Amino acid sequence: MRCNEARKITYLSEYPEAVSHKVIDAKRHLKECPECKRFFEQEKAFSALLRQKLTKEPVPSELRERVLRHVSERKTYSRIIYKLIPIAVVLMLFAAGYIYKLHSDTESFVMDIINDHINFLPYSGIQISSPDLLTIQKWFNGKVDFSVVLPELKAEIKGARLCFLKGKRLGLVFYEYRGSQISLFITTGLNPERLWAKEVMIHGKRMKVIEKNGFNLLLWQEKGITYALVSDLDTVELKKII
Amino acid sequence: MECIELIEKYLDSLWFTALRLTRNRQDAEDLVQETCMKAWENLDSLHSEKKAKAWLLKILTNAFINKYRKNQNSPKLIDIEPDFLEPIFYKSGQYADLEKEIFSNVMDEEVKEAIESLPVEFRTVILLVDIEGLSYREVQEILNISSGTLSSRLYRGRRLLRDALYEYAKKRGFLKEKKR
Numbered sequence: 001m002r003c004n005e006a007r008k009i010t011y012l013s014e015y016p017e018a019v020s021h022k023v024i025d026a027k028r029h030l031k032e033c034p035e036c037k038r039f040f041e042q043e044k045a046f047s048a049l050l051r052q053k054l055t056k057e058p059v060p061s062e063l064r065e066r067v068l069r070h071v072s073e074r075k076t077y078s079r080i081i082y083k084l085i086p087i088a089v090v091l092m093l094f095a096a097g098y099i100y101k102l103h104s105d106t107e108s109f110v111m112d113i114i115n116d117h118i119n120f121l122p123y124s125g126i127q128i129s130s131p132d133l134l135t136i137q138k139w140f141n142g143k144v145d146f147s148v149v150l151p152e153l154k155a156e157i158k159g160a161r162l163c164f165l166k167g168k169r170l171g172l173v174f175y176e177y178r179g180s181q182i183s184l185f186i187t188t189g190l191n192p193e194r195l196w197a198k199e200v201m202i203h204g205k206r207m208k209v210i211e212k213n214g215f216n217l218l219l220w221q222e223k224g225i226t227y228a229l230v231s232d233l234d235t236v237e238l239k240k241i242i
Numbered sequence: 001m002e003c004i005e006l007i008e009k010y011l012d013s014l015w016f017t018a019l020r021l022t023r024n025r026q027d028a029e030d031l032v033q034e035t036c037m038k039a040w041e042n043l044d045s046l047h048s049e050k051k052a053k054a055w056l057l058k059i060l061t062n063a064f065i066n067k068y069r070k071n072q073n074s075p076k077l078i079d080i081e082p083d084f085l086e087p088i089f090y091k092s093g094q095y096a097d098l099e100k101e102i103f104s105n106v107m108d109e110e111v112k113e114a115i116e117s118l119p120v121e122f123r124t125v126i127l128l129v130d131i132e133g134l135s136y137r138e139v140q141e142i143l144n145i146s147s148g149t150l151s152s153r154l155y156r157g158r159r160l161l162r163d164a165l166y167e168y169a170k171k172r173g174f175l176k177e178k179k180r
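Same order as they appear, the protein sequences are chains A and B. Okay, so the first sequence: first residue is 1 according to the working numbering, each after it adds one. Okay, so the second sequence: first residue is 1 according to the working numbering, each after it adds one.
If you are wondering where the hints come from, they were derived from the structure by calculation, not from laboratory data. Quick caveat: nothing in here was measured; it's all calculated off a predicted structure. Ideal Cβ placement from N, Cα and C applies to all residues, glycine included. Among the hints, erroneous ones may be present.
Stated by the list, open to error - Listed next, the in silico DSS-like pairs over lysine-lysine satisfying Cα-Cα at most 27 Å (straight line):
| hint | chain 1 | residue 1 | chain 2 | residue 2 |
| --- | --- | --- | --- | --- |
| 1 | B | LYS170 | A | LYS53 |
| 2 | A | LYS168 | A | LYS223 |
| 3 | A | LYS53 | B | LYS112 |
What the hints assert, rightly or not - To list a few chain A residues with every Cβ distance to chain B over 12 Å, as calculated:
| hint | residue |
| --- | --- |
| 4 | LEU153 |
| 5 | LYS154 |
| 6 | CYS163 |
| 7 | GLU222 |
Stated by the list, open to error - Per label pair, the in silico range of CB-to-CB distance:
| hint | chain 1 | residue 1 | chain 2 | residue 2 | range |
| --- | --- | --- | --- | --- | --- |
| 8 | B | ASP44 | A | PRO60 | 24 to 32 Å |
| 9 | A | GLU35 | B | SER146 | 24 to 32 Å |
| 10 | A | LYS56 | B | ASP27 | 47 to 55 Å |
| 11 | A | GLU211 | B | ASN144 | 18 to 26 Å |
| 12 | B | MET107 | A | GLU35 | 29 to 37 Å |
Working from the sequences, and respecting the hints, build out all of it.
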């Protein structure tokens, strides 16, 4: 093996991954070649002299303190975070449970409204028959614990009745549009905001649109009163009467 | 050993390397702080305390290289295979046996300046291998270079450092230029 090759291999092979024949040959060459032996002795000596000569200036005390304080603060901070995680998880579970309860209550309220709409087909149990909006509005006075304000719908008003849902008294007004019965439930016990449903804007009013069991609902809130319009009409038709 | 103890143990090495790499006290302070913060955040990646020094120097070197690359406009060093038969002669033609004499006469600060005068690729390997005593394999991993590149840089770096030290010794009048 030539000197250059032997030096190159030996330089590379401080920690050879596999001892190859080349490495063995190079080591053998080094033993036999005084010049190459001297070459590596000088390399090692230079490295050792360099290390001996240099004194490492200590890290400035101000920097040392800053670094160690920072790491230590982070450690404490992260410990606090770790301690707070279980509390945060419990709070989040409570919050999620509460939201889920509100949502499921609202969902079941919607189902009850649809069921009542079906039960009162065709206008069964009507307590006041009148095509006049003001007469119907007046009839509700004292019967429900809020003042009923009826929206002006482009549908024929038929009459009204009271109904009970979840222990609450609701106003129920019947309309008719193109031969289909429309029930308008009026309550203060339902917040449409809690419903995860599609939203539409009709005449500047934000309404939730729900389709369930072949019936369509439009829900909206105005001055604290919630209106739920239920019918087998599709939503396009329902929008027309708003 | 806790992260804070590891950092404290190797803080002087980090500081020394940072100073030589950045050649600027303020930048070195920033680099050391950045290294310690990264070390704390990535403590999970340290698998053995025995490798803590190499691990910390890897964080520091990578942080430096990333910053250095962003700021540098100079062309990248091309690694060429050195001629290992090149005798250890200084530019002047004097032989390498003068090394002991040179080292005993130049000042500590001059050795540091000589290291700082090296191109960054050579400076880094000299610092990691010769000063910090890391193994070739550790340095290859830190710099993500092949063993051939590492040995080439180390060899050429040492040659350049010898030349620089010789010049310091000559300037201080300890060596007189001789003709070969």
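Status of the hints after comparison with the structure:
Proximity of B:LYS170 to A:LYS53 is assessed by CA-CA distance (about 18 Å); at most 27 Å being required, the pair is judged to hold. Pair hint A:LYS168 plus A:LYS223 holds up; C-alpha atoms about 19 Å apart against a cutoff of 27 Å. Taking the CA atoms of A:LYS53 and B:LYS112, the gap is about 10 Å. The hint holds against a cut of 27 Å. For A:LEU153, the non-interface assignment is confirmed: its Cβ lies about 63 Å from the closest Cβ of chain B, beyond the 12 Å cut-off.
Every beta carbon of chain B lies more than 12 Å from that of A:LYS154, the smallest distance being close to 65 Å; the non-interface claim holds. With a closest Cβ-Cβ approach of about 62 Å to chain B, A:CYS163 is found to remain outside the 12 Å limit, as its non-interface label requires. At roughly 53 Å, the least C-beta separation between A:GLU222 and chain B is larger than 12 Å, which holds for a residue marked as non-interface. Under the hint 24 to 32 Å, the C-beta atoms of B:ASP44 and A:PRO60, about 30 Å apart, fit the expected range.
Separation of A:GLU35 from B:SER146 is about 27 Å and conforms to the stated range, judged on CB atoms against 24 to 32 Å. For the hinted restraint 47 to 55 Å between A:LYS56 and B:ASP27, the CB-CB distance of approximately 18 Å leaves it violated. For the pair A:GLU211 and B:ASN144, the supplied restraint of 18 to 26 Å is violated, since their beta-carbon distance comes to about 60 Å. Distance hint for B:MET107 and A:GLU35: a CB-CB separation of about 33 Å, consistent with the stated range 29 to 37 Å.
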